[in-house]
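Student: Residue strings, one per chain:
Protein chains: 2
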Amino acid sequence: MSDLKAIDRQLQQSQPSFLETLKTLLRIPSVSADPAYRDSVKQAANAVLDSLTKAGLKGELIKTDGPPLVYAESPAVPGKPVVLVYGHYDVQPPDPLDLWVSPPFEPTERDGNIYARGSTDDKGQVLTHVNSVAAWAAAGQALPLQVKFLIEGEEEVGSEQLSKYMAKPEAAEKLACDVIVISDSSQYAKGQPAITYGLRGIAYYELHFTGPKQDLHSGSFGGAVTNPANALAKFLAKLTDDQGRIQLPGFYDSVKPVADVERDRWKQLGFSDDQFAKQLGVGALTGEAGYSTLERRWARPTCDVHGLWSGYQGEGGKTIIPAKAGAKVSFRLVPDQDPKQVSEQFRKFIAMNTPAGVQIELIDLHGGSGVVVDPESPFVAAAQQAITAGFEKPAVLIREGGSIPIVANMVSALKADVLLLGWGLDDDGAHSPNEKFCLADYYRGIRASSYLWHYLAEVPKPS
Amino acid sequence: MSDLKAIDRQLQQSQPSFLETLKTLLRIPSVSADPAYRDSVKQAANAVLDSLTKAGLKGELIKTDGPPLVYAESPAVPGKPVVLVYGHYDVQPPDPLDLWVSPPFEPTERDGNIYARGSTDDKGQVLTHVNSVAAWAAAGQALPLQVKFLIEGEEEVGSEQLSKYMAKPEAAEKLACDVIVISDSSQYAKGQPAITYGLRGIAYYELHFTGPKQDLHSGSFGGAVTNPANALAKFLAKLTDDQGRIQLPGFYDSVKPVADVERDRWKQLGFSDDQFAKQLGVGALTGEAGYSTLERRWARPTCDVHGLWSGYQGEGGKTIIPAKAGAKVSFRLVPDQDPKQVSEQFRKFIAMNTPAGVQIELIDLHGGSGVVVDPESPFVAAAQQAITAGFEKPAVLIREGGSIPIVANMVSALKADVLLLGWGLDDDGAHSPNEKFCLADYYRGIRASSYLWHYLAEVPKPS
Chain A
29 MSDLKAIDRQ LQQSQPSFLE TLKTLLRIPS VSADPAYRDS VKQAANAVLD SLTKAGLKGE
89 LIKTDGPPLV YAESPAVPGK PVVLVYGHYD VQPPDPLDLW VSPPFEPTER DGNIYARGST
149 DDKGQVLTHV NSVAAWAAAG QALPLQVKFL IEGEEEVGSE QLSKYMAKPE AAEKLACDVI
209 VISDSSQYAK GQPAITYGLR GIAYYELHFT GPKQDLHSGS FGGAVTNPAN ALAKFLAKLT
269 DDQGRIQLPG FYDSVKPVAD VERDRWKQLG FSDDQFAKQL GVGALTGEAG YSTLERRWAR
329 PTCDVHGLWS GYQGEGGKTI IPAKAGAKVS FRLVPDQDPK QVSEQFRKFI AMNTPAGVQI
389 ELIDLHGGSG VVVDPESPFV AAAQQAITAG FEKPAVLIRE GGSIPIVANM VSALKADVLL
449 LGWGLDDDGA HSPNEKFCLA DYYRGIRASS YLWHYLAEVP KPS
Chain B
29 MSDLKAIDRQ LQQSQPSFLE TLKTLLRIPS VSADPAYRDS VKQAANAVLD SLTKAGLKGE
89 LIKTDGPPLV YAESPAVPGK PVVLVYGHYD VQPPDPLDLW VSPPFEPTER DGNIYARGST
149 DDKGQVLTHV NSVAAWAAAG QALPLQVKFL IEGEEEVGSE QLSKYMAKPE AAEKLACDVI
209 VISDSSQYAK GQPAITYGLR GIAYYELHFT GPKQDLHSGS FGGAVTNPAN ALAKFLAKLT
269 DDQGRIQLPG FYDSVKPVAD VERDRWKQLG FSDDQFAKQL GVGALTGEAG YSTLERRWAR
329 PTCDVHGLWS GYQGEGGKTI IPAKAGAKVS FRLVPDQDPK QVSEQFRKFI AMNTPAGVQI
389 ELIDLHGGSG VVVDPESPFV AAAQQAITAG FEKPAVLIRE GGSIPIVANM VSALKADVLL
449 LGWGLDDDGA HSPNEKFCLA DYYRGIRASS YLWHYLAEVP KPS
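So the sequences go chain by chain: A and B. Letter 72 of the first sequence, counting from 1, is numbered 100 in my numbering, and no numbers are missing. Letter 122 of the second sequence, counting from 1, is numbered 150 in my numbering, and no numbers are missing.
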């Protein structure tokens with residue numbers, strides 16, 4: 029029988045070391061989107077492996093054609109469920125750099141938070157599980173069930189290498205598990221932990237518009253040719269109608285409606301549009317007509333432009349018809365939308381909406397399906413007990429608008445259940461300047477994780 | 029009586045020196061839009077002044093709050109018309125740099141052309157007049173009428189300093205003239221010189237869209253807020269309808285229709301849409317419904333986006349709702365549209381089309397009215413004789429789609445006629461990479477200019 033009191037004492041004692049482990053990992057600029065950071069991405073993999081082996085696990089780097097996968101495992105415990113902790117050590121690009129109060133890769137404590145790119149997404153959250161395993165070991169307690177770790181380095185750019193690895197027969201054996209635990213999302217609110225049972229999918233693209241063979245003088249030629257920048261604007265505008273509905277042909281055919289039971293449950297959460305708008309600094313919330321804000325964020329597809337470029341972006345005026353224009357754009361998907369089908373729909377839409385005088389190239393950057401799991405499973409009940417211990421408050425059941433594209437893939441490949449236990453907060457600024465993670469939540473997350481091993485071990489192993 | 033044969037001999041003899049003067053000026057990167065080039069802009073002013081004083085004129089730099097105005101004059105000739113040559117020594121920014129075959133500020137001869145930023149717009153064309161005056165002097169001939177030069181350094185960014193100077197009483201006296209000569213446009217086609225009797229105006233703006241107070245994760249927040257990049261696209265799309273008509277309220281109220289006589293005259297020019305599309309590298313010509321290509325370029329207003337920027341423009345994917353998005357956009361105007369009125373219409377349009385959740389800021393960058401002059405004036409007849417001598421072919425009468433915003437201002441302030449004698453070609457790439465000027469046209473322009481002084485002196489001085 030595990031000595032949970034000894035573990036609790038150990039958790040208190042190890043706090044300075046938990047903080048140090050976090051800072052060490054946050055100092056590594058492991059930006060997966062930009063090839064310039066390739067070495068740092070590898071360095072982050074090694075740092076994660078190092079902390080796992082220090083926690084007493086048997087670990088290795090699994091080579092890929094990109095960043096390595098970090099794998100580690102504790103000894104098997106026959107008759108008990110096997111847990112696989114999934115997370116990622118890569119981070120989003122830090123720009124715009126000038127908006128950071130402290131540099132993105134110099135972790136800095138302010139107001140009880142730690143500020144750094146990757147603090148909440150996902151290095152800090154991954155380390156709650158690494159540290160909880162370390163605490164069990166430091167307290168002289170053997171884990172009551174086998175815990176495996178799979179921490180990848182391409183989550184922010186589509187998990188291509190992990191997808192390839194998952195397709196190999198050896199992966200199914202090595203990663204075999206009963207439940208996948210992922211901490212890469214948010215609590216419902218400050219002081220209100222949550223168990224997330226749904227994620228959106230994503231289909232991410234780059235669009236290239238090409239017009240005349242070179243930039244043209246807009247005086248001499250304006251009125252004669254299709255301007256690729258004007259055409260891009262018109263094209264992007266057509267992607268949604270005035271009601272916020274996406275116009276790709278067949279886009280909504282497979283969209284699951286929001287169930288009444290969910291709608292009712294979310295109403296109980298007391299979400300305030302006014303407060304949320306204030307938090308984001310906008311005058312009003314907007315979106316698809318006919319749905320509440322939580323429904324629009326968690327259970328409805330969206331279309332967002334992430335980047336735009338064309339022509340002259342410098343100071344003053346340059347009077348050209350630019351030869352090229354481009355955009356990055358993605359659709360968030362809900363069950364049962366398939367990103368591959370969305371790509372086909374997008375190509376059809378392009379064929380229907382390419383104006384004379386320009387050519388449109390579509391590049392698939394990455395995609396992944398959404399996932400919704402059963403909120404009534406015994407694993408969810410165990411997680412509820414662990415969170416109640418760690419956060420001293422029971423969790424609410426929510427969905428999350430973000431995507432962890434590999435999750436649907438892993439759930440189906442490993443035939444495992446999944447627990448999405450987010451320790452972050454909505455205002456952590458994941459993907460934004462001044463990303464942060466609340467240090468109290470870091471320590472609470474480590475405690476909840478420590479208890480999680482205990483309660484999950486009480487769940488009968490699925491046959 | 030002037031010895032035109034002596035001048036012709038001099039023109040032959042001076043060709044190497046004409047080429048050297050051109051290369052010297054083209055080597056100076058006098059980009060007015062970018063403050064980083066401020067010193068080079070001044071250097072170009074001094075180089076122009078230097079070549080004018082070497083040509084025997086009395087010159088000076090007129091100080092302004094920006095780049096200086098270069099002024100020079102030959103001795104007064106009582107009873108003869110006074111000519112003012114207007115041009116500019118500033119150039120457009122050279123980017124995108126990677127598309128230049130030879131560096132933009134290293135003038136390079138290829139296939140009978142000289143390649144450099146500013147070669148055709150407007151340094152090469154300005155120097156035809158400077159060199160013709162130099163040739164008269166070198167041939168020992170006194171100019172038969174007074175020639176004044178006013179060469180400015182802000183034409184590409186709206187001529188703000190010159191506009192301010194024109195408002196001073198001393199300007200009217202110093203610049204007093206009967207006809208303004210401007211070479212800052214194109215011939216109708218290779219081997220077909222033209223006299224341009226109309227220019228479009230321009231109203232140039234920068235648009236800034238601001239949404240949430242910082243970039244947001246597009247998963248967690250997508251569906252809740254107006255995305256400034258999506259909003260910018262929808263806004264720009266609304267600026268024109270499906271027929272290519274501009275949607276600012278009242279925009280067409282003061283637009284002068286294309287006269288039947290002009291329409292007929294332009295039909296005679298034998299313009300080929302197919303050939304033009306091929307030249308520009310586009311699959312089709314497009315634009316406002318109901319007008320020919322020449323009408324759309326010369327006599328109809330247009331709306332062009334010159335630059336777009338928002339969010340992430342780097343490699344790979346970044347899943348953000350960008351906090352900001354921006355664009356540079358201008359309207360080309362035709363008589364009698366007033367850029368100030370267009371600014372008011374644009375502000376009304378913004379008020380009508382600002383979606384909830386974003387703020388739109390409009391910045392006026394520069395503007396100027398179009399101008400159309402009388403193609404039957406005696407000055408036009410004199411220019412026709414000079415061009416026939418210089419190019420060995422009579423000129424056709426055309427309009428030009430580009431804008432020289434200060435022209436309308438000068439014409440009305442000085443109560444002078446204007447001659448737009450373009451020596452460039454449509455495919456010179458003004459404002460584009462690999463801008464060029466045909467050297468044969470450079471020398472023909474110098475000869476036409478030399479004859480221009482002679483024929484203009486035969487026009488009775490207007491009373």
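Don't read these hints as lab results, they were simulated from the structure. All C-beta atoms, glycine included, are put in the ideal place defined by N, C-alpha and C. Any given hint might turn out to be false.
Result set (DSBU-like, lysine-lysine): computed pairs, CA atoms no more than 30 Å apart in a straight line [unchecked claim]: (1) A:Lys306 - B:Lys218; (2) A:Lys218 - B:Lys352; (3) B:Lys218 - A:Lys352; (4) B:Lys295 - A:Lys241; (5) A:Lys352 - B:Lys86; (6) A:Lys51 - B:Lys241; (7) B:Lys443 - A:Lys352; (8) B:Lys241 - A:Lys266; (9) A:Lys306 - B:Lys241; (10) A:Lys91 - A:Lys241; (11) A:Lys376 - B:Lys306; (12) A:Lys241 - B:Lys218; (13) A:Lys352 - B:Lys91; (14) B:Lys376 - A:Lys376; (15) B:Lys306 - A:Lys241; (16) B:Lys218 - A:Lys266; (17) A:Lys266 - B:Lys295; (18) B:Lys241 - A:Lys295; (19) B:Lys266 - A:Lys241; (20) B:Lys266 - A:Lys266; (21) B:Lys295 - A:Lys306; (22) A:Lys218 - B:Lys218.
Over 12 Å on every C-beta distance to chain A, these chain B residues come out as not near it, computed from the model [what the hints assert, rightly or not]: (23) Asp62; (24) Ala195; (25) Gly430.
Student: Now tell me, hint by hint, if it's right for this structure.
Tutor: To see whether the hints hold, each was checked on the structure:
no. : hint                : verdict
1   : A:Lys306 - B:Lys218 : 62 Å, violated
2   : A:Lys218 - B:Lys352 : 27 Å, holds
3   : B:Lys218 - A:Lys352 : 27 Å, holds
4   : B:Lys295 - A:Lys241 : 27 Å, holds
5   : A:Lys352 - B:Lys86  : 47 Å, violated
6   : A:Lys51 - B:Lys241  : 27 Å, holds
7   : B:Lys443 - A:Lys352 : 43 Å, violated
8   : B:Lys241 - A:Lys266 : 26 Å, holds
9   : A:Lys306 - B:Lys241 : 10 Å, holds
10  : A:Lys91 - A:Lys241  : 43 Å, violated
11  : A:Lys376 - B:Lys306 : 28 Å, holds
12  : A:Lys241 - B:Lys218 : 20 Å, holds
13  : A:Lys352 - B:Lys91  : 39 Å, violated
14  : B:Lys376 - A:Lys376 : 37 Å, violated
15  : B:Lys306 - A:Lys241 : 10 Å, holds
16  : B:Lys218 - A:Lys266 : 41 Å, violated
17  : A:Lys266 - B:Lys295 : 37 Å, violated
18  : B:Lys241 - A:Lys295 : 27 Å, holds
19  : B:Lys266 - A:Lys241 : 26 Å, holds
20  : B:Lys266 - A:Lys266 : 11 Å, holds
21  : B:Lys295 - A:Lys306 : 61 Å, violated
22  : A:Lys218 - B:Lys218 : 72 Å, violated
23  : Asp62               : 6 Å, violated
24  : Ala195              : 22 Å, holds
25  : Gly430              : 3 Å, violated
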